[in-house]
Amino acid sequence: MTLQGGFTGTILRVDLTRGSVEKEAIREDWAREFVGGRGIAVRYLHEEVDPQVDPLSPDNKLIFATGPLTGTNASCGARYMVITKGPLTGAVTTSNSGGRFAPELKFAGYDMILFEGRSERPVYLWIQDEIAELRDASHLWGKGVFETEDTIRRESGLPDCAVSAIGPAGENLVRYAAIVNEKYRAAGRSGVGAVMGSKNLKAIAVRGTGAVRVADPVATMRSQWAMKHELTQAPLTAEGLPAYGTLALMNVINEHGALPTRNYRDSQFENAEDISGEELAETRLAANKACFACTIACGRVSRISEEGVGRYGVSCSPRNWRHATEGPEYENAWSLGADCGISDFDAILKSNWMCNDLGMDPISLGATIAAAMELYEAGVIDESVTGIPMPFGSGEALLTMTEKAAYRDGFGDQIAEGSKIMGERLGHPEVFMGVKGQEFPAYDPRALQGMGLGYATSNRGACHLRAYTVAVEVVGEPEPMDPRAAEGKGAVTKAFQDTSTAVDATGLCLFLTFGTTLESIHPILKAVTGFDLADNELLQAGERIWNLERLWNLRAGLTAADDTLPKRMLKDAIRGGPAQGEVSRLPEMLPDYYRERGWTEEGHPTAEKLAELGLG
Amino acid sequence: MTRTISALHIEPEKCTGCRQCELACSWVQTGTFQPSRSLIRVHVFDEQASFAPYACLQCDEAWCMQACPVNAIDIDENIGAPVVIDEVCVGCKLCVIACPFGTIFFDKTTERAAKCDLCSGDPACAHACPTDAIRVETTDPGAWLEPFGEKVDTSYRNAITGEGE
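One line per chain: the protein sequences are A and B, in this order.
For the first sequence, position 42 (counting from the first letter as 1) is numbered 42 according to the numbering used here, and the numbering increases by one without interruption.
Numbers in the numbering used here are just positions in the second sequence, counted from 1, shifted up by 616.
Only chain A is shown next, with the shape it has when bound in the complex:
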């Protein structure tokens, strides 16, 4: 079998210890079974990396993977996935980013880059079509993401190159450091940036002028066109996301009483309107910005207000787009806003902007600061520990801690560990709101039961992108489900997980599923790759990948006991709003989920299931 289209067929293997860059053929059999992106990369991880490895040791590997539809004109074919073992979770880590970097890598001729070992001194990987070499990055070490990107673009003489880089947070091994490309698109979660930092790898810069070929041109055009048409007909992808971005959710989730506030102590934020997509569009939105090939354009370019510029001393340098920043996404506006009790939009924008430059995940950062604020208000820690007053609602504290965390300066050294380790060290592990070491995103699992099950069973720790049951529990698409009910959530969570995994493996963006289905993506994948796919095969590939991730996690030492939620979610009822009195009914849902998965009561995939998926 030879790959007919979609894949370039070549991967780069970079041994940082030896300083070598080798080209090798992609495993075609794995491409067929696991598609690309998250799928095939997890297969490589499974083959090559010991699950017990220390995430920050040279033995861990760091994989950048595109999918077969990345770089095609299928809407939203812009994604790459970073796969490794994450220092925040100790589990399999799969962090996704859009922008222009991934298609550029495909045009240069590569499906994937696999980094191993550790460089003695800082380097960056330069790729220009068939040229791929490691270059010295001593002059970039210590620099922010923005300056790193600008410098590489300037000194390479190819300003069109795309750069993916880490900032000081990655260098300082902040447990939730991100990898950021085009300054504002990030593989954000689980600390992929810290793994990159531990390898002394500052950046990857790529310029590609080649082509992405397809197996069946006519069928490709037909099928991608049909999907684009669907996106123009669905309310969310045609109107909601273009108008307000993901921030459209702020008011909606708040009205449902599912907006976690002040470290999940409340579930409605009294000032949610002040940090909503509507408010952003009215007062601070500069433009919509699309990732490569995206016909939705949910990306925001926002300006910090004149008043905010004065208050927070934002410099007017070219590198910050004249006080403009991309974002914030709903999750970031929540973590830096409602979760910290902060309603000052300018403080949120600035912190978000700093997170991009410093290379940090704003969800885990905001949530960890919120946990610290809870301890501060409870009197467990005071100014002698934190250095500044840290009450809920303090924009000053947010901005100070954003910077200190990235440099591990003072109390920032605790914040940089994430709220699980920070809480344990301060004697209060109960302030950690998350799963498997990773902080929750922006939906209260007591108000939306399905989200709770999704958080608990996510392979990469608490995450909204693995099973977005908000679609059925809030939006009512494709079919409405009672958010408070436990019944049926096992099956729907499994279905969402497998679908999302399949989309991730194609190289498309998950947001497509707001306006289309796997049934429409399936024919595009078939046309582009020439794979003779059976009707259900893409979805089954999703399930196969999910199970392989699970197996890897089990071998890493995780157990069913890690598929759980914090006590606050299981025991403490919501104190007010439409979901008052609710706790998570995870104990009812989890056995149901394991059954739906074909797993044992201990959460192990059965031999039968593995055989069915070809993993036996």
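Incorrect hints may appear among the rest.
Simulated restraints, written as ranges between beta carbons of each label pair [as the list claims (entries may be wrong)]:
{"#": "1", "chain 1": "B", "residue 1": "TRP760", "chain 2": "A", "residue 2": "HIS139", "range": "20 to 28 Å"}
{"#": "2", "chain 1": "A", "residue 1": "ALA25", "chain 2": "B", "residue 2": "VAL706", "range": "54 to 62 Å"}
{"#": "3", "chain 1": "B", "residue 1": "PHE661", "chain 2": "A", "residue 2": "ASP129", "range": "25 to 33 Å"}
{"#": "4", "chain 1": "B", "residue 1": "PHE661", "chain 2": "A", "residue 2": "ILE388", "range": "37 to 45 Å"}
{"#": "5", "chain 1": "B", "residue 1": "PHE717", "chain 2": "A", "residue 2": "GLU612", "range": "55 to 63 Å"}
{"#": "6", "chain 1": "B", "residue 1": "GLU766", "chain 2": "A", "residue 2": "GLY9", "range": "54 to 62 Å"}
{"#": "7", "chain 1": "B", "residue 1": "VAL706", "chain 2": "A", "residue 2": "HIS229", "range": "39 to 47 Å"}
{"#": "8", "chain 1": "B", "residue 1": "THR777", "chain 2": "A", "residue 2": "ILE388", "range": "49 to 57 Å"}
{"#": "9", "chain 1": "A", "residue 1": "ALA243", "chain 2": "B", "residue 2": "PRO763", "range": "30 to 38 Å"}
Simulated from the structure, these hints should not be mistaken for laboratory data.
Bear in mind that the values here come from a model prediction, so they are computed numbers and not experimental data.
Note that CB positions come from ideal geometry on N, CA and C, so glycine has one too.
For this one, chain A is given, so just place chain B on it according to the hints.
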């Protein structure tokens, strides 16, 4: 005398920078996705947070056409736009130097000049654009050129005399 031409009507303020136009353009030429060979390009103005697709303006008295030493560029009356005649072009790149807008390219694969020929009258980029930032229009260039010229002229005069500040 008024003369109408076909040209792309581009509204940068509607552009989101998705580059579907580049994908479509490379597709009709090569049957693959290869934005580096696209004849329409999206320029990103980082600091202004704005995106500007640009392509051949289809000049009536085109600089590329005037500069070509072998008469390989001629107006195709059916399309109403200057086109490169591949069989005649020798790949000398004089047109690329002559074009003041940077919208005629040297294609390394074919070793010929390449410019937008409006897809023989039905531009793929306009079809592909999800926000209608690119449309094809048959227009009288004088209708927008004169007011535009006046505007530029006025700003210039104001700048040197210090008026209107």
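Quick rundown of the hints versus the structure:
1. At roughly 48 Å, the beta-carbon separation of TRP760(B) and HIS139(A) lies outside the given 20 to 28 Å, and the hint is violated.
2. With their beta carbons about 40 Å apart, ALA25(A) and VAL706(B) fall outside the hinted range of 54 to 62 Å.
3. For PHE661(B) paired with ASP129(A), a C-beta distance near 26 Å keeps the hint of 25 to 33 Å intact.
4. For the hinted restraint 37 to 45 Å between PHE661(B) and ILE388(A), the CB-CB distance of approximately 38 Å keeps it satisfied.
5. Look at PHE717(B) against GLU612(A): about 60 Å separates their beta carbons, and that is inside 55 to 63 Å.
6. Checked against the hint of 54 to 62 Å, the pair GLU766(B) and GLY9(A) passes, with Cβ atoms roughly 56 Å apart.
7. Taken as a hint, the range 39 to 47 Å holds for the pair VAL706(B) and HIS229(A), whose Cβ atoms sit roughly 44 Å apart.
8. Range check, THR777(B) to ILE388(A): about 55 Å between beta-carbon atoms, so the 49 to 57 Å window is met.
9. The hint said 30 to 38 Å for the Cβ distance between ALA243(A) and PRO763(B), and at roughly 33 Å that hint holds.
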